[in-house]
Amino acid sequence: MPQHTVKSYEDELALLDTKIARMGGLAEHNLGQAFDALQRRDSRQADMVIAADRAIDVLEKDVENQVIEMIARRQPLANDLRHVMTALRITGDLERIGDLAKNIAKRASAIAEVAHPKPVISGLERMVELALKQLKMVLDAYAERDADRAIQVWRDDQQIDAMYNSLFRELLTYMMEDPRNIGISTHLLFGAKNLERVGDHTTNIAETVHYLVRGQPISDDRPKGDETSTMLVESND
Amino acid sequence: MVNRTEIMDHQVIAGQPVAVADLAPMIVARKVNVHYGAKQALFDVDVDVPRNAITAFIGPSGCGKSTFLRCINRMNDTIAICKVSGDITIDGQDIYDPDLDVVELRARVGMVFQKPNPFPKSIYENIAYGPRIHGLTRSKKELDDLVEECLEKAGLLKEVHDRLHEPGTGLSGGQQQRLCIARAIATRPEVILMDEPCSALDPIATAKVEELMEELKSNYTMIIVTHSMQQAARISQRTAFFHLGKLVEFGATRDIFTNPQDKRTQDYITGRFG
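Going down the list, the protein sequences come from chains A and B.
Going left to right, the first sequence walks through residues 1 to 237 as our numbering numbers them.
Going left to right, the second sequence walks through residues 1 to 274 as our numbering numbers them.
Check each hint, because a few of them may be wrong.
[Stated by the list, open to error] If the Cβ cut is set under 10 Å, some of the chain A residues that face chain B in the computed set are: (1) Y9; (2) N79; (3) R82; (4) A147; (5) R214.
No lab work stands behind these hints: they were computed from the structure.
Cβ coordinates follow ideal geometry from the N, Cα and C atoms, glycine included.
Given these sequences and hints, build the entire structure.
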């Protein structure tokens, strides 16, 4: 794309991308570290993740202020308009992902003293791996203005939903087996729900990237994968 | 997906919202070519200007937008070396028909220029002149009423009601421009062409002219040439982008300024090197 006649305008737009890349990197890192703390039952690390979330919040405010100032001073149009609006929306989603990572870290701290059910932890591990892969891919799609990759991310979210559904069932079964499991299971269930929400925010970012690149919303219907909101598991006796 | 055209891009006519997309084209141009001597200024311009809406013509200096605007009321006839070919019709009537009365045409298609240019006469006479030479009124009373009505429509009456017989040139720049708009509507035109009407005005006077244009659009078809992207985005329903004598892109203003289809349009409106 040709450069702006006004170079400082070009620099400001580039700066938005730098900030988003940094924010995305932090969100990825915190999510990975939060799960690591949960898996290793390491509450010190969990506390570090909780403290690190602040940097993401600061960046979000920073981008928000920059976007408001650019709208006031530059009155961006066309792809530039989509660029600044997109930056605002993506940072909103990244900030939420940061919060969800922080929440997982808090739960990791709360259950650090209790033995974790192995199969559930490995289920969560697969889920977090996929969530991180999706997040990385959508950040790449943004950096490279790659709408096709954004669509790919948007489609693949149903895999995370499927994993969540299966973990949901597993945890309910585990709770029914022994009421003493309910405490830890509830924390792990919320952890799984958080990862499912990370997937949703990643999907939002994918939609935003598509709009940025093509100027159109993604037109297909996405298969909705989370069935747990309409599910009831009853005991057999 | 919600069809945004239905929600936002509409014009209220007789109290009913009408999608601009459904507005019948009023001015239809086909294969319009203009030469100034050996130099070609416009190449095969095709455009449908909708009725009762504001259409903005944008593009860099020398792109042909003003030349095209001036074809619509045959102002280019006054330039000896200028040759216009192709078809332009207003409500189906060929305006280049040799039998057409050009003076009559210019009463139907009014024009407002970049620099306010009131006649060196009184405020009253500035407006009364057109209706008088076209014989639009039968009595002094009717003419007085028309002058008052036009000043009212142009949002100027309150400011000048007690000095109608003072010179129009004594008004501020913004008032002079609104006087020119009042003068343009005095001959009861159907179309008003505006060639950068606000470029010499301060932001408040500009806002008043824009407010006036919004009010007028339910009764008039307006075309505005402007170098201000923001102005085009604010007030028009359709935008045409001209570049090097060609009409590059023509569409709903909302689409042009959020998602232009042609790279040249995008580069121009965002201020990038071509």
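Hints and how they fare:
1. Y9: Interface hint status for Y9(A): holds (7 Å vs cutoff 10 Å).
2. N79: holds, 6 Å
3. R82: holds, 7 Å
4. A147: violated, 13 Å
5. R214: The hint holds - R214(A) has a Cβ within 10 Å of chain B, the shortest such distance being about 8 Å.
Hint compliance for this structure: hint 4 is the single one not met.
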